[in-house]
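A.B. asks: Use the sequences and the hints to build the structure in full.
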Amino acid sequence: MSISTRRAHPPNDSPDYQSSRLRAPKQPLRVLPGRLGELTAPLLAGETVGALDNDLTRQHDAEPLGERITISGRVLDEDGDPVSGALIEVWQANAAGRYAHRSDQHPAPLDPNFSGAGRCLTDADGGYRFVTIKPGAYPWRNHPNAWRPAHVHFSVFSPAFAQRLVTQMYFPGDPLFGQDPIFNAVSGDDAGQRLVARWSLELTEPEWSLGFAWDIVVAGREATPLDDDAPG
Amino acid sequence: MGATGILMTLGLTPSQTVGPFLAIGLTWADGPAVVPAGSPGAIRISGQVFDGTGSPVPDAIIETWQADAQGRFAHPDDPRPDSTSTFRGFGRCATDDEGVYAIVTVKPGPLPTGDGRTEAPHIDVSIFARGLLDRLVTRIYFPDEPEANGDDPLLRSLPQSERDTLIAVFDGENLRFDIRLQGPDETAFFEL
Ligand SMILES: [Fe+2]
Numbered sequence: 001m002s003i004s005t006r007r008a009h010p011p012n013d014s015p016d017y018q019s020s021r022l023r024a025p026k027q028p029l030r031v032l033p034g035r036l037g038e039l040t041a042p043l044l045a046g047e048t049v050g051a052l053d054n055d056l057t058r059q060h061d062a063e064p065l066g067e068r069i070t071i072s073g074r075v076l077d078e079d080g081d082p083v084s085g086a087l088i089e090v091w092q093a094n095a096a097g098r099y100a101h102r103s104d105q106h107p108a109p110l111d112p113n114f115s116g117a118g119r120c121l122t123d124a125d126g127g128y129r130f131v132t133i134k135p136g137a138y139p140w141r142n143h144p145n146a147w148r149p150a151h152v153h154f155s156v157f158s159p160a161f162a163q164r165l166v167t168q169m170y171f172p173g174d175p176l177f178g179q180d181p182i183f184n185a186v187s188g189d190d191a192g193q194r195l196v197a198r199w200s201l202e203l204t205e206p207e208w209s210l211g212f213a214w215d216i217v218v219a220g221r222e223a224t225p226l227d228d229d230a231p232g
Numbered sequence: 233m234g235a236t237g238i239l240m241t242l243g244l245t246p247s248q249t250v251g252p253f254l255a256i257g258l259t260w261a262d263g264p265a266v267v268p269a270g271s272p273g274a275i276r277i278s279g280q281v282f283d284g285t286g287s288p289v290p291d292a293i294i295e296t297w298q299a300d301a302q303g304r305f306a307h308p309d310d311p312r313p314d315s316t317s318t319f320r321g322f323g324r325c326a327t328d329d330e331g332v333y334a335i336v337t338v339k340p341g342p343l344p345t346g347d348g349r350t351e352a353p354h355i356d357v358s359i360f361a362r363g364l365l366d367r368l369v370t371r372i373y374f375p376d377e378p379e380a381n382g383d384d385p386l387l388r389s390l391p392q393s394e395r396d397t398l399i400a401v402f403d404g405e406n407l408r409f410d411i412r413l414q415g416p417d418e419t420a421f422f423e424l
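Protein chains in written order, with the numbering used here: chain Z, 1 to 232; chain P, 233 to 424.
These aren't lab readings, by the way, just hints derived from the structure by calculation.
Hints may contain errors.
To be verified - Think about it this way: if two alpha-carbon atoms lie no more than 25 Å apart in a straight line, the pair counts; the simulated SDA-like pairs of lysine to any residue are:
#	chain 1	residue 1	chain 2	residue 2
1	Z	Lys26	P	Gly415
2	Z	Lys26	P	Pro290
3	P	Lys339	P	Gly286
4	Z	Lys26	P	Arg388
5	P	Lys339	Z	Gly46
6	P	Lys339	Z	Lys26
Said to hold, decoys possible - Just a few of them, taken from the derived set where beta-carbon distance is under 10 Å, the chain Z residues facing chain P:
#	residue
7	Leu22
8	Glu67
9	Pro107
10	Val156
11	Ala191
The beta carbon of each residue, even a glycine, is placed where N, CA and C say it ideally should be.
C.D. replies: The structure is reproduced here in structure tokens:
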């Protein structure tokens with residue numbers, strides 16, 4: 001049994017991304033064979049997720065400013081099987097590109113009606129849906145005049161520790177991709193494009209909001225590790 | 233089937249960094265309490281996360297996953313027939329301004345490997361931070377288990393210097409497990 005997830009993921013040693021230089025390990029990664037503890041994970045389907053937790057536009061007295069959007073898709077494993085009951089957590093900047101976080105120094109306005117965090121559980125088909133506003137691009141100090149493409153941070157719990165994924169979803173056609181070392185640390189255009197949502201007419205609600213479709217694919221799971229000789 | 237005769241699979245979604253503002257989305261009030269403080273057998277495990285210059289990392293988050301005290305998981309893929317555990321097993325703690333995290337948990341039991349060997353009691357750990365494009369994975373082992381640690385297949389696969397980075401140290405009543413992302417005492421990290 002092995003869940004080999006590394007082949008899709010960017011290497012931590014990606015020096016164009018300045019923050020990695022003092023944080024990426026220098027020693028080669030050792031192999032952790034997938035055993036019981038790696039093939040299990042917390043079952044968070046019972047986590048208290050409020051009915052409105054997936055709607056980031058309805059967490060305050062008034063609506064946040066910005067372009068209202070829906071982001072929806074499915075969590076699948078690489079065999080195409082849906083991952084149901086997966087806890088997804090998201091966080092993002094507001095429409096002006098400012099996070100509601102004490103360390104964000106970007107001189108763009110905070111929005112009193114936007115906290116920028118949401119969560120939901122996938123349904124039986126692995127489906128999820130968030131309503132939010134499109135986050136703004138924001139500057140950072142990686143290199144002169146560096147700007148992050150607009151993105152939503154996603155955290156996904158699947159039924160195995162080996163499947164744990166934290167990533168970012170981007171918007172189609174963003175002109176900032178070419179200069180972003182985080183996006184470009186992913187090798188291969190195909191893999192990079194898997195981080196980019198697709199504008200969807202189906203998910204676009206007439207007279208209301210734009211829709212973006214984005215499926216998330218986590219590593220596959222094989223048979224349980226003790227099938228051969230299940231000891232007590 | 234694809235043209236090569238290999239079963240077609242979907243391309244994996246690549247990882248991206250949590251960035252510096254992860255606390256907005258990933259903070260749980262009860263995250264550090266794998267068990268409530270004061271529970272029977274509760275232990276506190278804390279430590280600091282350091283970068284390659286030895287400076288604390290104040291914007292990381294640690295996640296832990298472990299079996300209960302009997303070595304059982306509250307999970308359908310724990311195939312042992314007497315697995316009726318309801319143990320949450322999961323902990324999550326962001327580091328503070330000094331790079332310190334802490335969880336309260338119980339020491340897990342040993343685990344069978346499936347090929348007749350036994351893994352010493354341990355906790356699986358994920359580390360996420362700005363600067364890490366992909367999570368880091370390591371393990372916390374226990375200092376009062378020299379015999380089990382000596383037989384542990386994973387520890388045995390490592391050189392002694394790396395093995396030592398995975399064993400927590402006593403800190404009075406509690407345990408201390410520091411994580412060095414880079415440098416001479418770099419913690420051993422794993423790929424799955
Ligand atoms: Fe961000």
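A.B. asks: What are the numbers of the hints the structure violates, in ascending order?
C.D. replies: Checked against the structure, the hints that fail are numbers 3, 6, 8, 9, while the rest are satisfied.
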